[in-house]
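Listed below, chain by chain, are the residues.
2 protein chains.
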Amino acid sequence: MIIIKGGVTSPKGFLANGVKAGIKYSGRKDLALIYSEVPAVAAGAFTTNRCQASPVRISRTHLKYRYHQAIIVNSGNANCANGRSGDRDAIAMAKNAAMALGVNYTALLVASTGIIGRNLPIEKIIKAIPGLVSGLSEKNGSIFAETIMTTDTRPKEFAVKVKASGSVITIGGACKGVGMIYPDMKTERHATMLAFITTDAAISKNMLEAALDEAIADTFNMVSVDGDMSTNDSCFIMANGLAGNKKILSKGADYRKFTDALKFLATELAKMLAADGEGATKLVEIEVKGARTAHDAKAIARKISTSNLLKCAIFGEDPNWGRVVAAAGASGVRFDIDRMDIYLGPVKALSNGAISGSFDKERARKSLKDKKVNITVDLKSGRLKAKAWTCDLSKEYVSINSEYST
Amino acid sequence: MIIIKGGVTSPKGFLANGVKAGIKYSGRKDLALIYSEVPAVAAGAFTTNRCQASPVRISRTHLKYRYHQAIIVNSGNANCANGRSGDRDAIAMAKNAAMALGVNYTALLVASTGIIGRNLPIEKIIKAIPGLVSGLSEKNGSIFAETIMTTDTRPKEFAVKVKASGSVITIGGACKGVGMIYPDMKTERHATMLAFITTDAAISKNMLEAALDEAIADTFNMVSVDGDMSTNDSCFIMANGLAGNKKILSKGADYRKFTDALKFLATELAKMLAADGEGATKLVEIEVKGARTAHDAKAIARKISTSNLLKCAIFGEDPNWGRVVAAAGASGVRFDIDRMDIYLGPVKALSNGAISGSFDKERARKSLKDKKVNITVDLKSGRLKAKAWTCDLSKEYVSINSEYST
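Chains as they are written, first to last, in this note's numbering: chain A, 885 to 1290; chain B, 885 to 1290.
Calculated directly from the structure, the hints in this document are not laboratory data. Honestly, I wouldn't trust all of these hints.
[Unchecked claim] Example chain A residues on the side facing chain B (calculated, C-beta under 8 Å, incomplete):
hint: 1; residue: 933
hint: 2; residue: 949
hint: 3; residue: 951
hint: 4; residue: 1000
hint: 5; residue: 1196
Ideal Cβ placement from N, Cα and C applies to all residues, glycine included.
Assemble the whole structure, with the sequences as input and the hints as a guide.
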């Protein structure tokens, strides 16, 4: 597997674009499209929030169909809590894009991100669709990544190439965050993180769903910016088969290679999300190891990743490892504190449940000065482990979120 | 029931005090004591955090005994994650106080609050105990409330009188917060919130435990400042019988009157905690009604109370009710969004899952300018309801918690 510079248009046969439809008050680009030149199989994973946005409801229905060819996305408005008119607007987005592309309406998937509880300016969107479609190009992957941004400070894209049965498969992706980020997506058969992955792999819809399931569990679903689960989180993947590999129909060696590459890509995108969390100055990686079960390791890592107190301490570069103890203990997982070790970067802070004799506070403080902070918890009770990602909690986060809707 | 000015020394036979032992760097009072002139029955509820501080472990053991007479409390150090030496220090606190008071060591309960992972300066504490005991007075309830403070900006005390069987029972209480506040205490038979309640009621230990259970469930356990559950949360109640009422031995009319008064007092203390949350500028009361079960109502109210995004919006007085929708939906409770109504203060924002036709954003914004903000969610699916309390999330919260341990 090799990393290449690229994004959603890196795989063969994918075009993209982004335009200004006038949804965002800022006047920035806000309507984006990915298009596969040939029909593709697709899979999606969506928020498990009980209040699901209209585009989530519509995309879930469309994914029951066999082939898909495009994803239309708007930023600046979540189209959530808009009742039936919200559903009608999401359908209108899909229908108008389908007409302009000359494909079936059910071949369209839809996503939205932005404020909740405002009607989508659907007339503006309909007006912008012809320009959006006519500008489709394999050169516009980065424009797509830029257009889907809301409070993101930078576009997030990534691409890899992997060999399977002699053919080279390319996987590309783009995603956006970066507030209301605590996804727990299920493939549905169910973030407002949005992630869009494209690939030219030849793969069955079933295997694509299985691969997406595996890929999100340890990546997007282990990211937290603020612990607030969105109504709009969605992760889509489209596979159009143009790589010419022997079609992946079962969980053999090719499936493994493809899924590992997909997981790698999803991990990189997930880390970009956490690193660009609203107001973030640091990426925080939390690893829990020595757990009895994978579920235990994940539950503890995820609980630590949502500790406001720890996130403030990291913002202040304050080696207050006691907050890791408290968060781990609040996870609901049974473990023995008297066996637990905690490291801030390379510095052992807790050893068997009490402060480490060798704890060097100034060295620990130094390790918090990096742009990437590592926290390790070793339960020394088993062999399972998990990683979660978050960012620090800064005053800027409060500024961003106390002035958002106005 | 009537409200009186007072605190832990309002009931007959209770004395208290607080002194400077030198635990806090600020040099403020940090060692406190409550003492009942006669043996009392006691009950305690403690954090369900898997990592429990040493004083929690010791107090849980002591509560297995029949009678108690004093509670010694230090602020400035949590005595948590200190291994066996932490346990030894908690025992030494209890033993030295017991000796100075001339009571049995198991008649002492212990509580600590402050930073995690630092050894307790036990020599300083032992040195301060004689002065602490000699200054015990029924006039020093407020000094007790002041001494237990950490990041609290003001002491929190409350007292009520209630008639039972012709006698007048007094209940007094004091508590402190105000970071790492997301208690989920269980009587053990299991907040760093600390709450101390005294009463001169004559009541059996069993009935006192039952009353405490009832009282904390809808009060302290429904408070969140930052969603971080502490290792030290403790709520104690001591009842010394000096009111001379007919002893409460079963769940009859007198039990009901006593427990209702206790619940009222706990509610007021809980609201004081939320209102004084670290960096708080507002008290937020969230009421969920129309739920199918009490558990559903509580789970939704509690989830909303931990939404960083909503708390930032309230800090900014921004009527961004969509964040209430997202938080409710993230609670894990099944409900029908198309029936849900949401009110900001008296202003209906969401009506049957979509923006209310009558929504007046400027009126809603006005309702957020008060020191107390009310948010109401009506699921219109049942008859059960619950209330939770939190505060806004301000830049000051980040300041306080990015500079704590240094």
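Right, here's what the structure says about each hint:
| no. | hint | verdict |
| --- | --- | --- |
| 1 | 933 | 4 Å, holds |
| 2 | 949 | 25 Å, violated |
| 3 | 951 | 31 Å, violated |
| 4 | 1000 | 3 Å, holds |
| 5 | 1196 | 3 Å, holds |
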